[in-house]
Amino acid sequence: MKKTLGFLAGAALISLSSAAFADEQTDIGKKIYDRAFGRGCGTCHDIKSNPQLTENIKAGTLDRAKFEEVLTNGRGGMPKALDEIMKNKAVTTAGYGKDQAIDALYKYVSTK
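Here this note's numbering is used: the sequence shown runs in plain steps of one and ends on residue 1415.
These are computed hints drawn from the structure, not numbers from a lab.
Errors might be hidden in some of the hints.
Calculated cross-link-like contacts (lysine-lysine; reagent style DSS-like; alpha-carbon spacing at most 27 Å) [stated by the list, open to error]:
1) K1361 / K1351
2) K1334 / K1383
3) K1415 / K1401
4) K1334 / K1401
5) K1410 / K1392
6) K1392 / K1333
7) K1390 / K1333
8) K1415 / K1333
9) K1351 / K1334
10) K1351 / K1369
11) K1415 / K1351
12) K1410 / K1369
13) K1334 / K1369
14) K1410 / K1351
Distance ranges between label pairs, derived from CB positions [unchecked claim]:
15) R1342 / D1402: 20 to 28 Å
16) T1395 / G1363: 31 to 39 Å
17) G1398 / S1352: 31 to 39 Å
Glycine is no exception: its CB is placed at the ideal position from the N, C-alpha and C atoms.
Build out the structure end to end from the sequences listed, making use of the hints.
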(Lines of atoms letter the chains of each structure in order from A and count residues from 1; the text may use other names and numbers.)
(Lines give C-alpha, C1' and ligand atoms only; values in the text may rest on other atoms or scores of the structure.)
Protein backbone atom coordinates (compact mmCIF):
# COMPACT_ATOMS: atom_id res chain seq x y z
CA MET A 1 0.00 0.00 0.00
CA LYS A 2 2.78 2.45 0.94
CA LYS A 3 4.65 1.64 -2.26
CA THR A 4 1.53 2.24 -4.33
CA LEU A 5 0.90 5.59 -2.66
CA GLY A 6 4.54 6.56 -3.16
CA PHE A 7 4.37 5.58 -6.81
CA LEU A 8 1.15 7.54 -7.34
CA ALA A 9 2.58 10.60 -5.60
CA GLY A 10 5.71 10.41 -7.73
CA ALA A 11 3.70 10.02 -10.93
CA ALA A 12 1.53 13.00 -10.00
CA LEU A 13 4.61 15.12 -9.28
CA ILE A 14 6.17 14.24 -12.64
CA SER A 15 2.90 15.01 -14.40
CA LEU A 16 2.58 18.38 -12.69
CA SER A 17 6.18 19.35 -13.40
CA SER A 18 5.74 18.44 -17.08
CA ALA A 19 2.64 20.63 -17.27
CA ALA A 20 4.47 23.49 -15.54
CA PHE A 21 7.34 23.20 -18.03
CA ALA A 22 4.92 23.20 -20.95
CA ASP A 23 3.24 26.33 -19.60
CA GLU A 24 6.61 28.02 -19.06
CA GLN A 25 7.69 27.10 -22.58
CA THR A 26 4.49 28.53 -24.12
CA ASP A 27 4.81 31.67 -21.98
CA ILE A 28 8.39 32.24 -23.12
CA GLY A 29 7.35 31.61 -26.72
CA LYS A 30 4.67 34.28 -26.37
CA LYS A 31 7.18 36.74 -24.94
CA ILE A 32 9.52 36.11 -27.87
CA TYR A 33 6.64 36.57 -30.34
CA ASP A 34 5.48 39.77 -28.64
CA ARG A 35 8.92 41.35 -28.21
CA ALA A 36 11.22 40.30 -31.07
CA PHE A 37 12.91 43.24 -32.80
CA GLY A 38 11.29 45.54 -30.21
CA ARG A 39 7.92 45.34 -31.91
CA GLY A 40 7.08 41.65 -32.05
CA CYS A 41 6.66 39.07 -34.79
CA GLY A 42 2.98 39.93 -35.11
CA THR A 43 3.85 43.32 -36.59
CA CYS A 44 4.40 41.43 -39.84
CA HIS A 45 2.93 37.97 -39.30
CA ASP A 46 -0.48 39.09 -38.04
CA ILE A 47 -1.09 40.89 -41.34
CA LYS A 48 -2.93 38.70 -43.85
CA SER A 49 -0.66 39.59 -46.77
CA ASN A 50 2.38 38.15 -44.95
CA PRO A 51 3.08 34.50 -44.07
CA GLN A 52 0.57 33.26 -41.52
CA LEU A 53 2.73 31.14 -39.25
CA THR A 54 -0.02 29.43 -37.24
CA GLU A 55 -1.99 28.52 -40.36
CA ASN A 56 1.15 27.22 -42.09
CA ILE A 57 2.12 25.06 -39.11
CA LYS A 58 -1.38 23.62 -38.81
CA ALA A 59 -1.49 22.96 -42.58
CA GLY A 60 1.83 21.11 -42.36
CA THR A 61 3.65 23.51 -44.68
CA LEU A 62 5.92 24.93 -41.97
CA ASP A 63 7.65 22.24 -39.95
CA ARG A 64 10.04 22.83 -37.07
CA ALA A 65 13.17 22.42 -39.25
CA LYS A 66 12.04 24.96 -41.86
CA PHE A 67 10.96 27.34 -39.06
CA GLU A 68 14.47 27.15 -37.56
CA GLU A 69 16.09 27.60 -40.98
CA VAL A 70 14.18 30.84 -41.65
CA LEU A 71 14.85 32.17 -38.14
CA THR A 72 18.55 31.42 -38.56
CA ASN A 73 19.12 32.56 -42.15
CA GLY A 74 16.19 34.83 -42.95
CA ARG A 75 14.31 34.66 -46.24
CA GLY A 76 12.76 37.25 -48.54
CA GLY A 77 11.59 40.12 -46.33
CA MET A 78 12.19 38.09 -43.16
CA PRO A 79 15.45 39.11 -41.45
CA LYS A 80 17.66 36.71 -39.54
CA ALA A 81 15.96 36.54 -36.15
CA LEU A 82 17.80 34.01 -34.02
CA ASP A 83 20.31 36.44 -32.51
CA GLU A 84 17.46 38.82 -31.67
CA ILE A 85 15.50 35.97 -30.06
CA MET A 86 18.49 34.99 -27.94
CA LYS A 87 18.67 38.57 -26.55
CA ASN A 88 15.08 38.34 -25.29
CA LYS A 89 15.00 38.76 -21.51
CA ALA A 90 12.62 35.81 -21.03
CA VAL A 91 15.04 33.57 -22.93
CA THR A 92 18.10 34.71 -20.99
CA THR A 93 16.30 34.54 -17.63
CA ALA A 94 15.16 30.97 -18.31
CA GLY A 95 18.68 30.05 -19.44
CA TYR A 96 17.35 28.72 -22.74
CA GLY A 97 19.71 27.70 -25.51
CA LYS A 98 18.88 28.22 -29.18
CA ASP A 99 16.97 24.95 -29.58
CA GLN A 100 14.88 25.59 -26.47
CA ALA A 101 14.06 29.14 -27.56
CA ILE A 102 13.04 27.99 -31.05
CA ASP A 103 10.97 25.17 -29.54
CA ALA A 104 9.20 27.66 -27.26
CA LEU A 105 8.42 30.05 -30.11
CA TYR A 106 7.30 27.23 -32.42
CA LYS A 107 5.05 25.81 -29.71
CA TYR A 108 3.47 29.18 -28.98
CA VAL A 109 2.91 30.00 -32.64
CA SER A 110 1.40 26.57 -33.30
CA THR A 111 -1.16 27.05 -30.50
CA LYS A 112 -1.91 30.75 -31.01
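Taking the hints in turn, this is what the structure says about them:
1. A hinted pair counts as satisfied when its Cα atoms are at most 27 Å apart, and K1361 with K1351 qualifies at roughly 16 Å.
2. Proposed proximity of K1334 and K1383 is supported: the alpha carbons are some 18 Å apart, at most 27 Å.
3. Between K1415 and K1401, the direct Cα distance comes to roughly 21 Å. Compliance with the 27 Å bound is thereby established for this hinted pair.
4. Note on K1334 and K1401: the hinted pairing holds, with a Cα-Cα distance of about 15 Å set against a maximum of 27 Å.
5. Our distance criterion of 27 Å between C-alpha atoms is met by K1410 and K1392, whose separation comes to about 18 Å.
6. Restraint check for K1392 and K1333: satisfied, since their Cα atoms lie roughly 12 Å apart, inside the 27 Å limit.
7. This hinted pair checks out: K1390 and K1333 have alpha carbons roughly 15 Å apart, not beyond 27 Å.
8. At most 27 Å may separate the alpha-carbon atoms for a hinted pair to count; K1415 and K1333 meet this at roughly 9 Å.
9. The hinted pair formed by K1351 and K1334 meets the criterion: a straight-line CA distance of about 22 Å does not exceed 27 Å.
10. In summary, the hint linking K1351 to K1369 is supported, as the alpha carbons are separated by about 20 Å, within the 27 Å threshold.
11. Restraint check for K1415 and K1351: the C-alpha separation of about 15 Å stays at or below 27 Å, so the hint holds.
12. For the suggested pair K1410 and K1369, the alpha carbons sit about 14 Å apart, so the restraint of at most 27 Å is met.
13. For the proposed pair K1334 and K1369, the alpha carbon gap of about 21 Å is at most 27 Å, so the pair holds.
14. Of the supplied pair hints, the one linking K1410 and K1351 holds, its CA atoms being roughly 21 Å apart against a limit of 27 Å.
15. Taking the beta carbon of each, R1342 and D1402 are about 25 Å apart, inside 20 to 28 Å as hinted.
16. A beta carbon spacing of about 32 Å between T1395 and G1363 agrees with the range 31 to 39 Å that was offered as a hint.
17. At about 37 Å, the beta-carbon gap between G1398 and S1352 stays in the expected band of 31 to 39 Å.
Checked against the numbered hints above, the structure breaks none of them.
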